[in-house]
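> If you want the building blocks of each chain, they are given just below.
There are 2 protein chains.
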Amino acid sequence: MNAPQAPLSAAERTLYHFPLDPFSRQVRLALGEKRLLWQEVIERFWEQRPEFMALNPAGLPPVLVEEPIGGPIIAVCDARAVLDHLEETYPETPLLPSDPAGRAETRRLQAWFDRKFDFEVNGLLLHEKLEKRITGGGSPDMQAIRSGWNALRHHFAYLEHLLDMRDWLAGDRLSLADIAAASHISVLDYFGDAPWREFPATKLWYSKIKSRPSFRSLLQDRWPGIPRSAHYDDLDF
Amino acid sequence: MNAPQAPLSAAERTLYHFPLDPFSRQVRLALGEKRLLWQEVIERFWEQRPEFMALNPAGLPPVLVEEPIGGPIIAVCDARAVLDHLEETYPETPLLPSDPAGRAETRRLQAWFDRKFDFEVNGLLLHEKLEKRITGGGSPDMQAIRSGWNALRHHFAYLEHLLDMRDWLAGDRLSLADIAAASHISVLDYFGDAPWREFPATKLWYSKIKSRPSFRSLLQDRWPGIPRSAHYDDLDF
Chain A
1 MNAPQAPLSA AERTLYHFPL DPFSRQVRLA LGEKRLLWQE VIERFWEQRP EFMALNPAGL
61 PPVLVEEPIG GPIIAVCDAR AVLDHLEETY PETPLLPSDP AGRAETRRLQ AWFDRKFDFE
121 VNGLLLHEKL EKRITGGGSP DMQAIRSGWN ALRHHFAYLE HLLDMRDWLA GDRLSLADIA
181 AASHISVLDY FGDAPWREFP ATKLWYSKIK SRPSFRSLLQ DRWPGIPRSA HYDDLDF
Chain B
1 MNAPQAPLSA AERTLYHFPL DPFSRQVRLA LGEKRLLWQE VIERFWEQRP EFMALNPAGL
61 PPVLVEEPIG GPIIAVCDAR AVLDHLEETY PETPLLPSDP AGRAETRRLQ AWFDRKFDFE
121 VNGLLLHEKL EKRITGGGSP DMQAIRSGWN ALRHHFAYLE HLLDMRDWLA GDRLSLADIA
181 AASHISVLDY FGDAPWREFP ATKLWYSKIK SRPSFRSLLQ DRWPGIPRSA HYDDLDF
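Same order as they appear, the protein sequences are chains A and B.
The first sequence begins at 1 in the numbering used here and counts up by one.
The second sequence begins at 1 in the numbering used here and counts up by one.
No lab work stands behind these hints: they were computed from the structure.
You may find that some hints are simply not true.
Some, not all, of what chain A presents toward chain B, calculated at C-beta under 7 Å [as the list claims (entries may be wrong)]:
#1 D78
#2 H85
#3 A101
#4 K116
#5 R212
Here are the computed lysine-lysine pairs in the BS3-like style, where the Cα-Cα straight-line distance is at most 25 Å [claimed, not checked]:
#6 A:K132 - A:K203
#7 B:K210 - B:K116
#8 A:K116 - A:K208
#9 A:K208 - A:K34
#10 B:K116 - B:K203
#11 B:K132 - A:K116
#12 B:K116 - A:K116
#13 A:K132 - B:K116
#14 B:K132 - B:K116
Which bits of chain B does chain A cover? Going by a derived footprint, with three or more residues having C-beta under 8 Å, they are [said to hold, decoys possible]:
#15 69-77
#16 85-97
Even glycine gets a Cβ: it sits at the ideal position worked out from N, Cα and C.
I would like the entire structure built from these sequences, with the hints used as guidance.
This is the structure:
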C-alpha cells in the first residue's frame, strides 16, 4: 500500500542496525532480496545513544527510516514490523507466499527462530560469546555454552527434517522463514558454532542462501575484538 | 484473501489455548472483536500431549485450526501468525490501521509487549507465580518477583505517557497494540500485581478494554490451585 512513485534512493532510506544482531540481519537480507537501496547507521545500542532512544524507546535495532523527498517520514521499529512494512510497501519480490497456508507456515517458522531458537540457543551462546564481550559483562560461562550447543543440535536436527522434504524452509521458494533462520544461524557461524558436518541438508540449504547477493554484506561483517571463524565468509565451507 | 463463502460455525474453528497464557489471550480477544465463532481445547501444554505436539512442534499455544466443511484445513501456530491470519482472512473489523505509519506504530507496540514486557516483567512474575506452580517447579523467588514489580512500574509509566496523548495505545482506535498490552497485563491482574492506583490513565484504558464483550470470557477464567485477585473480574476495580 502507498508505494512511492519512484524508488527511494539510498539517501532516502536509513537502517539503524548492529552487524552481529540476528534481527538486524533479517532486515538487511530482506532489503537485499527486494533490491532496495539504503544507507546504514551502525548502532552500538547498548550505549543507549539519546538520538537512537528517541527513535526507538525500546532501545533495540533494527530501525528503518524512510524519508522520501517531499513525502512523509516513517520510522519503523522492530524487525518483524520492518519486514511486514517492506512486504506491504514493496510487494514486487514477495517474501511471503500468497496462500494462507503458506503464509501460516512461514510465520510459524519465523516465530520458531525469533522466539524458540532465540531463547534456547542464542540467549545462551550469543549472551556468553557476544553480549558479555561488547558490554564488559565478564567471562563466558562454559556450562551455559554447552547447553546452547546441545539445544543448537536439536534445532539443526529439526531443520534437517524439514529440508529433507522441501527446498526452502517453508516450501519451494525462499521466504521470510529462510531469512529468519539464516540470520540467527549466521551469527553463530561467525563464532564457528554451527555443526555443519553432521547435518548435510542444512549445510546445503545454508550454502544456497549464503551464495545470494543479498548475503554478501553479512559476509563482510567484522567487529573489533570479536574474531570470526575461518570459514565464515567461505562459500565452500 | 481467500475468505470463505459463509462464516465458519464454532464447530469449524478450534482454538487450542491455555487460559492464563498472554499469547493465547491475544487470539481470544481478536476472535471476539471480529465476532468469529470458535470452540476451545484447553491445552496443558507443559504435558506435551502427542496430538498437540504433532499440531505444533514448538509445543506452545495458541494454535488455531480452521476446518470449513468441504474446504481446506489450515492450522496456524503462534499468536502473531494467528493474528496476521485473522487480519488477512477476516478484514471486516480491522485491528490494524490502514496507513503504513499506523501499522508500524501498532506493530512496534506489539513487539514491545511480546518481547520487552514479556522478558522484563512476565518472564519474572509469571515464571515465579504461574509456571512454577503448574509445573511443580518449587517456591517463588521473592527477589525475582521484586525485580518484576519494579520493571512493571516502568512499563506502566510508559503506558501512562502514551495514554496521556492518545485514546488507544497506537492511536484513536482499538488495535492489536491494545490487545497485546491488555493480554499481558490481564494475567498479572489475575494475580493482583497491576499497580492501578498510581497510573490513572492506564487504569481508565484498561477499564475500557475490560468492559468490551470480547473480554468477558477472560474474566471468567480460573485455574485450579491458582487463586485470583478479588477485583480481577470487577469492572469497577
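> Could you run down the list of hints and mark each one as holding or not?
Against the structure, the hints:
1. D78: Since chain B brings a Cβ to about 4 Å from D78 (chain A), closer than 7 Å, the hint holds.
2. H85: holds (6 Å)
3. A101: holds (5 Å)
4. K116: K116 (chain A) check passes; min Cβ-Cβ to chain B is 5 Å, inside 7 Å.
5. R212: violated (25 Å)
6. A:K132 - A:K203: violated (29 Å)
7. B:K210 - B:K116: holds (23 Å)
8. A:K116 - A:K208: Holds - the C-alpha atoms of K208 (chain A) and K116 (chain A) are around 24 Å apart, at most 25 Å.
9. A:K208 - A:K34: holds (17 Å)
10. B:K116 - B:K203: Cα-Cα ~21 Å, so holds.
11. B:K132 - A:K116: Roughly 20 Å between the alpha carbons, so the hint for K132 (chain B) and K116 (chain A) holds.
12. B:K116 - A:K116: Cα-Cα ~15 Å, so holds.
13. A:K132 - B:K116: Holds, because 19 Å separates the two Cα atoms, which is no more than 25 Å.
14. B:K132 - B:K116: The hint holds at about 21 Å.
15. 69-77: holds (count 5)
16. 85-97: holds (count 3)
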